[in-house]
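Could you build all of it, start to finish, from the sequences and the hints given here?
First to last, the sequence lines map onto chains A and B.
Using the working numbering, read the first sequence as starting at 1 and increasing by one per residue.
Using the working numbering, read the second sequence as starting at 1 and increasing by one per residue.
Treat the hints loosely; a few may be bogus.
[Claimed, not checked] SDA-like cross-link-like pairs, simulated, lysine to any residue; straight-line CA separation at most 20 Å:
#1 B:K43 with A:K156
#2 A:K106 with B:K58
#3 A:K28 with B:D18
#4 A:K107 with B:L17
#5 A:K107 with B:A20
#6 B:K43 with A:I62
#7 A:K156 with B:I74
#8 A:K107 with B:K58
#9 A:K107 with B:V16
#10 B:K58 with B:N76
#11 A:K106 with B:P19
#12 A:K184 with A:R166
#13 A:K131 with A:V119
#14 A:K168 with A:N133
#15 B:K38 with B:D18
#16 B:K43 with A:G143
#17 B:K29 with A:L108
#18 A:K106 with B:A26
[As the list claims (entries may be wrong)] One-sided and incomplete, this derived list gives chain A residues near chain B with beta-carbon spacing under 7 Å:
#19 T103
#20 K185
#21 R209
No lab work stands behind these hints, which were simulated from the structure alone.
Note that the coordinates shown come from a computational prediction; the quantities given were computed from them, not determined experimentally.
Note that beta-carbon positions come from the ideal geometry of N, C-alpha and C, so glycine has one too.
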Amino acid sequence: MTIGIVVFPGSNCDRDVLWATDCCLGMKTRFLWHETKDLNDLEAVVLPGGFSYGDYLRCGAIASFAPVLSSLIDFVNRGGKVLGICNGFQILTELGILPGALTRNKKLHFICDNVPLYVSSNRTKWFVKFKPNDLIYLPIAHGEGRYQCNEDTLKKLQDDDSIAIRYKNNLNGSLDEIAGITNKKGNVLGMMPHPERACDEKIGGIHGRSILQALLSS
Amino acid sequence: MPNFQAHVFVSLRPSVLDPAGEAAKAAAKRLGIKGLSKLRIGKSVDIEIEATNLEDAKSQIELLSDRLLANPVIENWVMDINSKDQDSENKTLNK
Numbered sequence: 001m002t003i004g005i006v007v008f009p010g011s012n013c014d015r016d017v018l019w020a021t022d023c024c025l026g027m028k029t030r031f032l033w034h035e036t037k038d039l040n041d042l043e044a045v046v047l048p049g050g051f052s053y054g055d056y057l058r059c060g061a062i063a064s065f066a067p068v069l070s071s072l073i074d075f076v077n078r079g080g081k082v083l084g085i086c087n088g089f090q091i092l093t094e095l096g097i098l099p100g101a102l103t104r105n106k107k108l109h110f111i112c113d114n115v116p117l118y119v120s121s122n123r124t125k126w127f128v129k130f131k132p133n134d135l136i137y138l139p140i141a142h143g144e145g146r147y148q149c150n151e152d153t154l155k156k157l158q159d160d161d162s163i164a165i166r167y168k169n170n171l172n173g174s175l176d177e178i179a180g181i182t183n184k185k186g187n188v189l190g191m192m193p194h195p196e197r198a199c200d201e202k203i204g205g206i207h208g209r210s211i212l213q214a215l216l217s218s
Numbered sequence: 001m002p003n004f005q006a007h008v009f010v011s012l013r014p015s016v017l018d019p020a021g022e023a024a025k026a027a028a029k030r031l032g033i034k035g036l037s038k039l040r041i042g043k044s045v046d047i048e049i050e051a052t053n054l055e056d057a058k059s060q061i062e063l064l065s066d067r068l069l070a071n072p073v074i075e076n077w078v079m080d081i082n083s084k085d086q087d088s089e090n091k092t093l094n095k
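In structure tokens:
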């Protein structure tokens with residue numbers, strides 16, 4: 001089975017993901033141009049980081065109307081795996097596949113750093129190689145990553161054990177230190193940190209490897 | 001079909017922190033503006049639309065605002081709308 005990486009005009013981490021999944025981890029991967037609608041041969045879809053369609057209006061708002069995503073809800077309902085990284089996480093919330101929204105960082109800075117995170121839940125396959133409260137390091141690079149949702153949504157995320165990772169130092173002011181969440185079923189993960197930039201010791205870490213390995217079941 | 005002119009104002013919900021507004025507020029105080037208790041930044045969208053009547057134009061813009069211009073998780077919006085043809089008549093009258 002194959003991983004598809006969506007390429008929007010303005011995506012800039014699509015090649016990084018391909019490097020990680022194909023070159024580092026040996027998983028069959030191909031690009032999906034934003035105008036395609038065919039997700040049939042895919043086991044997993046990655047929405048990469050970047051500035052889809054220029055991120056005009058709001059981050060991810062215009063991308064949520066892309067032809068390639070028109071069948072993404074069906075793909076998710078059929079059990080297909082979806083990983084949204086950074087801009088991809090913003091798109092998943094705009095689509096309503098994951099709850100909440102990503103807003104401007106509390107102190108307005110664009111933060112580019114390698115940051116410590118706590119694994120909150122290893123309920124889903126994405127984090128099964130870790131134990132709850134494990135400290136991992138992943139790079140972040142965003143200006144709008146402050147997770148926001150209402151109280152009921154937060155309680156549901158907590159009750160469903162859907163908060164996957166939390167910032168150790170809450171640099172962007174996210175609610176409940178949230179850095180990444182899953183859906184209840186566990187086949188969708190949205191996260192602001194970049195696992196694809198942490199797949200080789202030579203460039204600073206390997207904590208992203210097992211997250212990406214969860215894209216394919218074999 | 002008649003033309004309508006609308007403005008949609010999108011603002012962050014009151015409970016959502018507006019860091020850009022806070023930064024602008026701090027600068028406004030340095031400028032010497034006194035008595036400023038609130039400064040929050042939103043977006044104004046200028047729209048022209050052709051529709052069979054005012055109700056039709058409103059419902060199109062409501063759909064646009066709910067689904068695209070604003071994210072209801074974090075934002076509210078309000079609309080001003082009037083007939084463009086009527087607007088230009090008014091301007092002529094004002095002259």
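Consistency of the hints with the structure:
1. Among the hinted pairs, K43 of chain B with K156 of chain A is inconsistent with the structure: their alpha-carbon atoms are about 31 Å apart, more than 20 Å.
2. As the CA atoms of K106 of chain A and K58 of chain B are separated by approximately 35 Å, the hinted pair breaks the 20 Å bound.
3. Restraint check: the Cα-Cα separation between K28 of chain A and D18 of chain B comes to about 43 Å, which exceeds 20 Å; the hinted pair is violated.
4. Distance hint between K107 of chain A and L17 of chain B is fulfilled; the C-alpha atoms sit about 11 Å from each other, no more than 20 Å.
5. Using a Cα cut-off of 20 Å, the hinted pair K107 of chain A and A20 of chain B holds, with the two alpha carbons roughly 9 Å apart.
6. Between K43 of chain B and I62 of chain A the CA atoms are separated by roughly 16 Å; this keeps the pair inside 20 Å, and the hint holds.
7. In summary, the hint linking K156 of chain A to I74 of chain B is supported, as the alpha carbons are separated by about 18 Å, within the 20 Å threshold.
8. Distance check on the hinted pair: K107 of chain A and K58 of chain B sit about 37 Å apart at the alpha-carbon level, beyond 20 Å; violated.
9. With a CA separation close to 14 Å, the supplied pair K107 of chain A and V16 of chain B stays within the 20 Å bound.
10. Our distance criterion of 20 Å between C-alpha atoms is met by K58 of chain B and N76 of chain B, whose separation comes to about 16 Å.
11. About 6 Å separates the Cα atoms of K106 of chain A and P19 of chain B, which keeps this hinted pair within 20 Å; it holds.
12. Note on K184 of chain A and R166 of chain A: the hinted pairing holds, with a Cα-Cα distance of about 17 Å set against a maximum of 20 Å.
13. Our distance criterion of 20 Å between C-alpha atoms is met by K131 of chain A and V119 of chain A, whose separation comes to about 7 Å.
14. Restraint check for K168 of chain A and N133 of chain A: satisfied, since their Cα atoms lie roughly 10 Å apart, inside the 20 Å limit.
15. At roughly 11 Å between alpha-carbon atoms, K38 of chain B and D18 of chain B fall within 20 Å of each other, so this suggested pair holds.
16. Under the criterion of a C-alpha separation no larger than 20 Å, the hint pairing K43 of chain B with G143 of chain A is consistent with the structure, at around 18 Å.
17. Restraint check: the Cα-Cα separation between K29 of chain B and L108 of chain A comes to about 19 Å, which is no more than 20 Å; the hinted pair holds.
18. At most 20 Å may separate the alpha-carbon atoms for a hinted pair to count; K106 of chain A and A26 of chain B meet this at roughly 15 Å.
19. Proximity of T103 of chain A to chain B holds as hinted, the smallest CB-CB distance being about 6 Å (cut-off 7 Å).
20. Below 7 Å, beta-carbon pairs count as interface contacts, and K185 of chain A has none with chain B, the closest being about 21 Å; its hint is therefore violated.
21. At its closest, the beta carbon of R209 of chain A sits 32 Å from a beta carbon of chain B; the interface hint therefore is violated under the 7 Å criterion.
Of the numbered hints given earlier, the model fails hints 1, 2, 3, 8, 20, 21; all others are met.
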